[in-house]
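A.B. asks: Here are the chains, one letter per residue:
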Amino acid sequence: MNWLLSFVLAIISSMLVDNVVLSRFYGICPFLGVSRKVNSSLGMGLAVVFVIIFSSIICWPLYQLLDLAGIKFMDTVAYILVIASLVQLVGLIIKKYSPSLYKSLGIYLPLITTNCAVLGVAQSNTDQGLSFLDSLGNAIGTSVGFLAVIVIFSCIRVRLESANTPKAFKGLPIALITAAIMAMAFMGLQGLFSGIGA
Amino acid sequence: MAREKGYTKKNFLKGILIENPLFVSILGTCPALATTKTLEAAIGMGLLFTVVLICSNVLVSLLRKLIPEEVRTPAYIVIIATFVTMVKMFTNAFLPELYSTLGVFISLIVVNCIVLGRAEAYASKNGVFDSLIDALGMGVGYTLAIMLMAIFREVLGTGAFSFGKIFTFIPEVKLQIIPKGYEISMFQNPAGAFIVFGLILAIIAFIRNRKAELKANLERQEKIRKAQEAKALANGGNK
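Chains A and B are the protein sequences, given in the same order.
Numbered per the working numbering, the first sequence spans residues 1 to 198.
Numbered per the working numbering, the second sequence spans residues 1 to 239.
These are calculated hints, taken from the structure and not from any lab test.
The model shown is predicted, which means the values in this text are computed figures rather than measured ones.
Please note that the accuracy of each hint is not assured.
[Stated by the list, open to error] Partner residues are not named here, just some residues of chain A that face chain B (Cβ under 7 Å, in silico):
| id | residue |
| --- | --- |
| 1 | THR76 |
| 2 | GLY120 |
| 3 | LEU160 |
| 4 | ASN164 |
| 5 | LYS167 |
| 6 | PHE169 |
| 7 | LEU172 |
| 8 | PRO173 |
| 9 | ALA179 |
| 10 | ALA183 |
Cβ coordinates follow ideal geometry from the N, Cα and C atoms, glycine included.
Chain B extracted, bound-state conformation (with noise of 0.2 Å):
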């Protein structure tokens, strides 16, 4: 099979910036705001969400043969049960402060609608090593998108970073950035979670609308620059 060259880097990039789950299609929103309170919890959940997705993307790339076209979102909502249940278990024995901290939003990654669109959308139609460089580029793209997220509410809503709570192999670090007393706990609720998440999208919106109007300028100039040179010509050609 003929190969773009490059395919396979820009196969892992577009999760990343292009077609960002988060920020670019809106999926997978419900872990996105509430598992944001704190940048490692953000850590945690983005790698979970990454590894299943992978063994997934892979596994489902595998059998792409094997199931029927009938019976195929009830196999994929099964593998990726699986799989949930499977990192859920790991993550219960080596990891019980992450498990505590995520709590019923493990097992939510079942329904999360990136893994089964990555599923359905990439991994049925395309080749195992594909299917795993779509799964990394995504999962490493909804993990940074999250961590974005996690930054603002941790900082803004607590004044500080703290590590090694949840990760108990780290020491324990807090950095504190906003002094005491100055820090605005709304971010910290609900309402903070919304609120960033809207800014955030507001700001892509401003950069894709500031672009596109970029481009619409130098086009038009390009235009008004064309049609004054052919009006020269033709000037020129009735001396």
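For reference, chain A alone in the conformation it holds in the complex (with noise of 0.2 Å):
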């Protein structure tokens, strides 16, 4: 059971503890972008996480062919090709299959091509020589951690629409302090794998 072991402590170490957005700085560009209303966050979140999945699922075998024909330097031409077209066909297929969910994620979906966290999956997984199994893991825990953290990050910019801010703190400045004290929430989680062992 070892492998299972690994996947799932894949999948929750991405998640929590190495948060994509508040540890790693991937995705900072949607999180601050698009996360001034819920559903739009929602939205988001969810159209990366099927592009993160699919992704990860198609360069890793990509990068193994790759590494095949010895042309191992071109993986980030090759990745952010794959992201590209797979955003694309991800439109269609949820087009032609869910015209009411192409409906709510259809603005966000050519924004994922430059989210860098799509990208940066893709690519760390390669560096760091993962199993397809871990990498998946890594994927699913990476993509379901962004999708948390950008609705909670909404839903706090929501109330903070209302709060009585310093002027010139309004929007952003109060956003990024609000990051912070999430980013060091977030900290506290670090020591989640010593009691495990992992």
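Dock the two chains into a complex; use the hints.
C.D. replies: Shown next, in the form of structure tokens:
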């Protein structure tokens, strides 16, 4: 059952302990840009979950192929092409089978190509030489972590809109300070694994 | 083509202050938070970023009439990714310490919104020389912005500036600024990065509000003065 344990641990560690946004700094742009409303942040988060999981499923075998062909240095170019076309494909599939979902996700899909979380996960998976299952776990954990954090953050921002903040801090500055406090809270989860002995 | 005099200078300077990519347009925030633990890493990141931006802007500008409208974005992404790969290999060969410090963030220059944004908004519409100057200005502006963040984070977080760890060709120097034991190590953590960025943006907003207020005040006083003058004139006419 060793592989199962490492799979679950990979999910938990990339979701909570080493959260994408708050400790690895991937995907800050959508985190700040698309978090003014809870609904839009939920849409963005779900679209990112789709694309990250599928891209990591495709990129891992692709890397082995590039390795076989001896052109490992082409990995970044290959990944970004995979991601860009995947975003188009996911858009088409959702449009065909669930028009209502497409209506709510539609506008966020093109933005995902330039979300560094997607390329960052694919790249760091292969840079670290993870196995297929571990990289899948990493992708699931990372994307669900992104979804959770962006939804929590947008809930706080909705409250902040009506709060009495100093004029200079209105908007983005106070949002960043909030993100800092959230990052501190997530730092508290770092001791999570010492108990399990991983 | 008739050109405004001093256009080149203005084109270069706009990236540094008025249209600073990081502090005004809030683009490229991921590397700005992730690579600003030390001043040296920030300088390295800025340097690599500027090189990629210049190369991609020039090439996009050269090819702007050849690339069909429909496949513009994918074509730009491939151009940028190619240059990033080249820069990555150069860094790995000549500055291995910088390569291992920045890690995956060198590859992530590909998805930095500034590079794609400048290609779309400027290089695809303007000549080669203008695009070069635009890229240079934006690159220098971004580098200065992340250096500013790194200065705060390194001094407050470690109490000292240290050089020579990443650029190994210069001798190792350590400049102690805050006495040992008084540093606030939180500024080296992710939370510190968010706080520094938030505070800098707040200061900029404060200065901007102040300027707008002063301007509004001046205008109001001018209006009152004019009204009084008109009144006085009217009174004088009545007499």
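A.B. asks: Tell me, in ascending order, the numbers of any earlier hints that this structure violates.
C.D. replies: Result: hints 3 and 4 break, sorted rising.
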